[in-house]
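Participant: Let chain A serve as the given structure and place chain B with the ligands on it in line with the hints.
There are 2 protein chains.
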Amino acid sequence: MQLSPSLTALIEALRCLPGIGPKSAQRIAFHLLERDRSGGTQLGDSLLKAMQVIGHCESCRTFSEAPLCDICLSVKRQDSRLLCIVESPTDVLAIEQTGQYQGLYFVLMGHLSPLDGIGPKEIGLDVLDEKLSKGNIDEVILATNPTVEGEATAHYIAELCQKYNVDASRIAHGMPVGGELDLVDGMTLMHAFSGRRSLS
Amino acid sequence: MQLSPSLTALIEALRCLPGIGPKSAQRIAFHLLERDRSGGTQLGDSLLKAMQVIGHCESCRTFSEAPLCDICLSVKRQDSRLLCIVESPTDVLAIEQTGQYQGLYFVLMGHLSPLDGIGPKEIGLDVLDEKLSKGNIDEVILATNPTVEGEATAHYIAELCQKYNVDASRIAHGMPVGGELDLVDGMTLMHAFSGRRSLS
Ligand SMILES: [Zn+2]
Ligand SMILES: [Zn+2]
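Protein sequences, first through last, are from chains A and B. full-length UniProt numbering numbers the first residue of the first sequence as 1 and each following residue consecutively. full-length UniProt numbering numbers the first residue of the second sequence as 1 and each following residue consecutively.
Check each hint, because a few of them may be wrong.
The list treats identical chains as interchangeable, and a pair is accepted whether it falls inside one copy or across any two copies.
[Claimed, not checked] Taking lysine-lysine pairs in the DSS-like style, the calculated list, with each CA pair at most 30 angstroms apart, reads:
id: 1; residue 1: Lys134; residue 2: Lys121
id: 2; residue 1: Lys49; residue 2: Lys23
id: 3; residue 1: Lys76; residue 2: Lys23
id: 4; residue 1: Lys163; residue 2: Lys49
id: 5; residue 1: Lys134; residue 2: Lys23
id: 6; residue 1: Lys131; residue 2: Lys121
These are computed hints drawn from the structure, not numbers from a lab. In this text, all values refer to a predicted model and were calculated from it rather than measured experimentally.
If we strip away everything but chain A, and leave its shape as in the complex, we get (with noise of 0.2 angstroms):
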């Protein structure tokens, strides 16, 4: 039996979805069809224009339907000499909802990894060393992941903060809070031991 083409095309570009394989794309096509055909098209409206509508900032990078998202012309930070750097969108969200962090964010959108050609200009530090030599940030908080690709990626952005005298700071990596010690990582739990502090 021949699915007809137009269920064919859904189910096959359903698996665009990450952790959808051929059978649950097909049991989610049935079911928008079945049962809920004003939210399956809702969702195509929601996507064609998502697609098409969210840039990037262009002062920060991070996601913006505006040139300049709402955090770069918050008028409680724009004049913030702190600037933290992280990978992806996704970082910032994780940061602002701790609700703690008062200062500007620039998003890398990747990692540098040379082997997959993805160099200084891909992650956009073209832009980040012009927005460092205006003299308007005091401090560059470095809270690309920890790993192999973010150390070195923080580690090329903090040799860039030393050309303009710009202080460079890495976040700490250490146990997680409420995180138990041997079911925490080996590399992990190096971090944790030398970042301690003394108590005394």
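Facilitator: Same frame as chain A, now just chain B with the ligands:
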């Protein structure tokens, strides 16, 4: 931090997918925007197309883009005098995948559920009545689900068949092949006992 309107709308719309909560919806939206915009656009197009062009076969009510579905149009089947009645198009798919059934189908798109306002007409039993009245069907196989509603629906249709002197049979319920007796639910076990066949 406020997400941009189109991003918020996309995350909201993704929740129409079965099993996708707010966290997963956000993860999917960012994944598509960061890494697969062409996939997202294609999915948007496919959804709109499918929701618009996929209707129901005029003869068997399964999903079809044309007035009649491939099965109803099949030369090998159109003279079949055997009609299998199922609740949903996915049931047709499951039966077709066995490759053993060569008759026609009728898809109820649900089951009788008077409390939800789903009566005979809502599941196409007026169409089925007319189909049976023409005298082209010798036997109806009732393959609705083995649930309270599925059984009630099967019994209702069996009576309709009696009116036109059409044989009606119910698919067998019992132990799934390869299943373990102590892991199967009581209702299935009961069916397995009452449907036992003599081996002598
Ligand atoms: Zn911005
Ligand atoms: Zn049909």
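Participant: Each hint: holds or not?
Facilitator: Tested hints:
| no. | hint | result |
| --- | --- | --- |
| 1 | Lys134 - Lys121 | within (19 angstroms within a copy, 73 angstroms between copies) |
| 2 | Lys49 - Lys23 | both (28 angstroms within a copy, 21 angstroms between copies) |
| 3 | Lys76 - Lys23 | between (49 angstroms within a copy, 29 angstroms between copies) |
| 4 | Lys163 - Lys49 | neither (41 angstroms within a copy, 54 angstroms between copies) |
| 5 | Lys134 - Lys23 | neither (54 angstroms within a copy, 38 angstroms between copies) |
| 6 | Lys131 - Lys121 | within (14 angstroms within a copy, 68 angstroms between copies) |
Going down the numbered hints, you'll see the structure goes against 4 and 5, while the others check out.
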